[in-house]
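All chains should be built: construct the whole structure from the sequences, respecting the hints.
The sequence shown maps to residues 342 to 1413 in the numbering used here.
Any given hint could be a false lead.
[As the list claims (entries may be wrong)] Below are the BS3-like pairs computed for lysine-lysine, each with C-alpha atoms no more than 27 Å apart in a straight line:
(1) Lys355 to Lys1111
(2) Lys1341 to Lys1207
(3) Lys578 to Lys1093
(4) Lys1201 to Lys1312
(5) Lys1367 to Lys1289
(6) Lys1106 to Lys1121
(7) Lys1106 to Lys1217
(8) Lys1355 to Lys1217
(9) Lys631 to Lys594
(10) Lys713 to Lys665
(11) Lys1336 to Lys1217
(12) Lys358 to Lys1106
(13) Lys1070 to Lys1111
(14) Lys1086 to Lys1111
(15) Lys1208 to Lys1334
(16) Lys1064 to Lys1093
(17) Lys896 to Lys882
(18) Lys665 to Lys835
(19) Lys1339 to Lys1293
(20) Lys1334 to Lys1293
(21) Lys376 to Lys403
(22) Lys882 to Lys858
(23) Lys1249 to Lys1270
(24) Lys827 to Lys802
(25) Lys882 to Lys594
(26) Lys1208 to Lys1304
(27) Lys1106 to Lys384
(28) Lys740 to Lys926
(29) Lys594 to Lys550
(30) Lys1357 to Lys1304
(31) Lys1249 to Lys1367
(32) Lys1086 to Lys403
(33) Lys1111 to Lys419
(34) Lys506 to Lys802
(35) Lys1226 to Lys1367
(36) Lys713 to Lys802
(37) Lys896 to Lys802
(38) Lys1341 to Lys1355
Hints were generated in silico from the structure; no laboratory data involved.
Being a predicted model, the structure only gives us computed values, none of them experimental.
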Amino acid sequence: MTSSNLDLVQVYTKGVKAWFPDDTLGWTSATVVSKEEQAEFIKIIFQDDNDSEKQHVFESKKSELPQATLPPLRNPPKMENTDDLTNLSYLNEPSVLHTIKTRYDQHHIYTYSGIVLIAANPFARVSLYDPEMIQKYSGSRREDLEPHLFAIAEDAYRCMIRDNKNQTIIVSGESGAGKTVSAKYIMRYFATADDTSSAGVESMTEVEKQILATNPIMEAFGNAKTTRNDNSSRFGKYIEIEFDHQRNIVGAKIRTYLLERSRLIFQPATERNYHIFYQLCAGASDTEKKELALKEWSEFHYLNQSGTGVIPSVDDAQEFQETKNALVTIGVPPEVQADIFRLLAALLHLGDIEIGGRTDASVADDEPSLLKATQLLGLDTMEFRKWILRKQIVTRSEKIVSNLSVTQSQVVRDSVAKFIYANLFDWLVTLINKSLSCPQTDLIANFIGVLDIYGFEHFQKNSFEQFCINYANEKLQQQFNQHVFKLEQEEYVKEQIDWKFISFSDNQKCIELIESKMGILSLLDEESRLPSGTDQGFCNKLYQTFKTDYQDYFKKPRFSNNAFTVAHYAHDVQYEAEGFLDKNKDTVPDELLNLLQASQFTFLSDMLQPTTAPSTPTTEQPPVRKSMNQAKKPTLGSIFKLSLINLMDTIGETNVHYIRCIKPNEAKAAWEFDPNMVLSQLRACGVLETIRISCEGYPTRWTFQDFADRYYALIPYSYWDPKSNPDVKQICRVILDTHVNDTNKYQIGLSKIFFRAGQLAYMEKLRSDKLNMCATAIQKHARRYLARLHYMRVRKLVLMLQSVARRELGKQKLELLRQEHAATVIQTNWRRYIARKRYLKIRGFIVQLEAVCRGWVARKRHQVLKKEHAAIMIQKMARGWIARKRYQAIRQYVISIQTCIRRRQARKQLVMLRAEARSVSHLKEASYKLESRVVDLIANLTQQREEKSKLKLQAIEIENRIKNWIQTYDKVDQRAKSLEQNFGKQDELEDSKWKELKKKREALQNEYISTLNKIKGQDKELMRLKEELLHQKDDVAKLKIATKKTNETDIIELKNQISALKAATEYKLFVQ
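Shown next, in the form of structure tokens:
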């Protein structure tokens, strides 16, 4: 800094606030807590206002203090919400940032910075653009109302009327900052500001309606969703609103700059193509979808690359209808609209053409997208297929046709799509201009231009588009600096102060680096016109050309040979040279161009004819002449350069107003403020550069009245006594002569006082010290007065309190005696009542307890008797069950032994029978034995059946007896319950009867169960006998087989006997 630091450092006293850099907040506030000043050294310690444990230290030698950078001072709280940054006492970067943040937190999105309006995007709906607000600002002066873009528009309108000079409003900022919306509202203001009726839009003229109708059209065809903005303008535009001599709108004209053609064929992740394609897919009728073969957006290659096709809270079908209505408003009939939509659909199908092949590109003849695209474009399918797969090189003597690779063929296909869309966009702009332009140019008196142009861009990867955008911003920044400098000088001349030329860092060198004869654009055009030109060759030319010149503005990256860095006014930007040549040329092969011009689709051929007519030969020319014409085709960079120069000439001839749009956060969250992001944008848009230029001269200026009102306390009362009617200018001179020794620190003009940077901080310190001293004196006398007043009041109060206290004590004693007597009476009656109540309660409790105890004893005795009876029954049943179980076990064991013995005897008999089987007599004997055995078995079965029948009868009889006992038991039980309720003592007698009946019932049940078990045993015995008969049958069968050979007649007889026995046995078993 300058030697003024020696004076400014005196301002840093205890309690003064200053700013320090912070990684998160950009700048953080801190307060001076101590200051050490020695002969050759100074040290100031600050305490952070956000973190009390954090400290900031400034140290410097006094000899180095003039060159040291002091911490920027913070403004008084009263001034931190000012609506104009130039009114700040300390005009520095952190103060500007803090003021904008303070206003933004209070939902004030607009702030002035001199001639610039800073607009912070709220990312929320705000009620600042209603018709009532338009009428409020219409006809008002800028300083009368809060900052607003309507105030800038009104100021431009009034300047046009007053000075009879054209005006320009430049709206700039990065993507998502709100440029397009701001420009839209400015146009709406001009269209509706003079309509004082409540009708609003209905009272506008046809021209005004058409001007407003251009917004949805330009947004549909030129805007797209990006990662930073859901409605980002992908082109720059300058709209001239034309006024007649009566200051009525009579027409308008639009100029566009650098449409982002590459977006048509590729979109990064989470971004979209131009809105019109999604509107067409969503809003077209069924008939249109069928005719144009439209599908969902996700099925088109040009629309689905990013994976994003829907914007939240945006209805593409409704937007499509608004776009169609806007086209009708500017004079585009439905028939032409149908042609436009047909062309858009053709582009979508063009992107779906599948190009295959390994080395040479190939496309199938019946490729559906190829057929549909050429049908919609009105082209010959085979010719179109031929020239997207091949290229033709024309020499002096022949034409050479060669195949293209797959990548080259895709580039040609995409270049055709970009060429058609760019021409469609230009055709729309031309049509809008024809519709809006005033037919009689003599009626046009002046115009107000609104420039909506992209702000400075610096991405991770920067290409040709960013280079052109930043080149345009360099030109605009140069014009802005010159304009601010000019206004500064005009202010000094107007106030007739002594001033010297203010030097500021001009960016002319950077602009020359880009646009001079040997600049970057010229070298790019030169390389683009070479048949063998490459991006690497272009880069090498840049390295060679700028090796010595422009070293401060051109740099070669350390780790890349295919990139270059340009030092712009806002930031150093590294550009990747890859794709620069293709994007700069952006041409279509002549064969395809001729094919498009000869299209059967009249709309397409008419649209391309005017644009390409100068480069399209009408008569046959030699190949050399044609190649020369081809070499002279203008490149995209040269076209943009010429259009930008024309734009700057136009702006230079107008009075310029500036609106800088700021994007407060990257997440597009409502009312959130990212200080570092805003700070970088303030640097990029030139606001801080403007402040720096102002600080080089006299940045702080006060009117005599304002200065006297604030600092009159620094001089004696006699100078500003209201009774003497003092001169305000004289008061200001006395203040300055008394406290500012160096007259170079300020200048006195005709109506203002101009101060050097930092001088006002010294004046603020003097004022603060004076006010502190006065406040100390006032506090001293006020405290003495308040202390005495307090003492007198306390003394009087004590006397009053003593008298009142004595009286109250007497009353309290009397009341105490009365209360003691009343308490004695109450206690007597209460104790009597409590004693009687306790006696009655105990008596009732004892009576109830006796009843309960007697009942419990009776029930307990009853339960014991029931348990004894149940135990006896259980013992009885258990003993019977054990005896039966023992009998069954012994019986089963005996039967098993008998079975084994009989089996053994039968086996012995079988052996004997086998030995004797040959004799007939033996067979007869065996037959008789078997017959007797069968008779015995039948007799045994008969006996068993009779026993079973008897047991069944006994079981039935027992069941009937059990049922009778159960019924008797139920009756007795019911009678017992009734008797139990009426007679307590008889319960025991009835209970004994009931127990006896229950025992009998359980005995019958046990007898019934044993009978059932016996029947089951008989059944098992029957089954055993059946099995034994079956074994006997087997033995007889074996005997039959053994004796078959000896005597056939006897065997037959025996068979018959056995069969008869078998039948008789089976019958007996069946009967049982």
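Okay, the hints, checked on the actual structure:
| no. | hint | verdict |
| --- | --- | --- |
| 1 | Lys355 to Lys1111 | holds (15 Å) |
| 2 | Lys1341 to Lys1207 | holds (14 Å) |
| 3 | Lys578 to Lys1093 | violated (40 Å) |
| 4 | Lys1201 to Lys1312 | holds (24 Å) |
| 5 | Lys1367 to Lys1289 | holds (16 Å) |
| 6 | Lys1106 to Lys1121 | holds (22 Å) |
| 7 | Lys1106 to Lys1217 | violated (119 Å) |
| 8 | Lys1355 to Lys1217 | holds (18 Å) |
| 9 | Lys631 to Lys594 | violated (37 Å) |
| 10 | Lys713 to Lys665 | holds (24 Å) |
| 11 | Lys1336 to Lys1217 | holds (14 Å) |
| 12 | Lys358 to Lys1106 | holds (12 Å) |
| 13 | Lys1070 to Lys1111 | holds (21 Å) |
| 14 | Lys1086 to Lys1111 | holds (21 Å) |
| 15 | Lys1208 to Lys1334 | holds (14 Å) |
| 16 | Lys1064 to Lys1093 | holds (25 Å) |
| 17 | Lys896 to Lys882 | holds (13 Å) |
| 18 | Lys665 to Lys835 | violated (53 Å) |
| 19 | Lys1339 to Lys1293 | holds (24 Å) |
| 20 | Lys1334 to Lys1293 | violated (31 Å) |
| 21 | Lys376 to Lys403 | holds (14 Å) |
| 22 | Lys882 to Lys858 | holds (14 Å) |
| 23 | Lys1249 to Lys1270 | holds (15 Å) |
| 24 | Lys827 to Lys802 | violated (37 Å) |
| 25 | Lys882 to Lys594 | violated (40 Å) |
| 26 | Lys1208 to Lys1304 | holds (24 Å) |
| 27 | Lys1106 to Lys384 | holds (19 Å) |
| 28 | Lys740 to Lys926 | holds (22 Å) |
| 29 | Lys594 to Lys550 | holds (14 Å) |
| 30 | Lys1357 to Lys1304 | holds (23 Å) |
| 31 | Lys1249 to Lys1367 | holds (22 Å) |
| 32 | Lys1086 to Lys403 | holds (21 Å) |
| 33 | Lys1111 to Lys419 | holds (18 Å) |
| 34 | Lys506 to Lys802 | violated (42 Å) |
| 35 | Lys1226 to Lys1367 | holds (25 Å) |
| 36 | Lys713 to Lys802 | violated (36 Å) |
| 37 | Lys896 to Lys802 | holds (16 Å) |
| 38 | Lys1341 to Lys1355 | holds (21 Å) |
Of the numbered hints given earlier, the model fails hints 3, 7, 9, 18, 20, 24, 25, 34, 36; all others are met.
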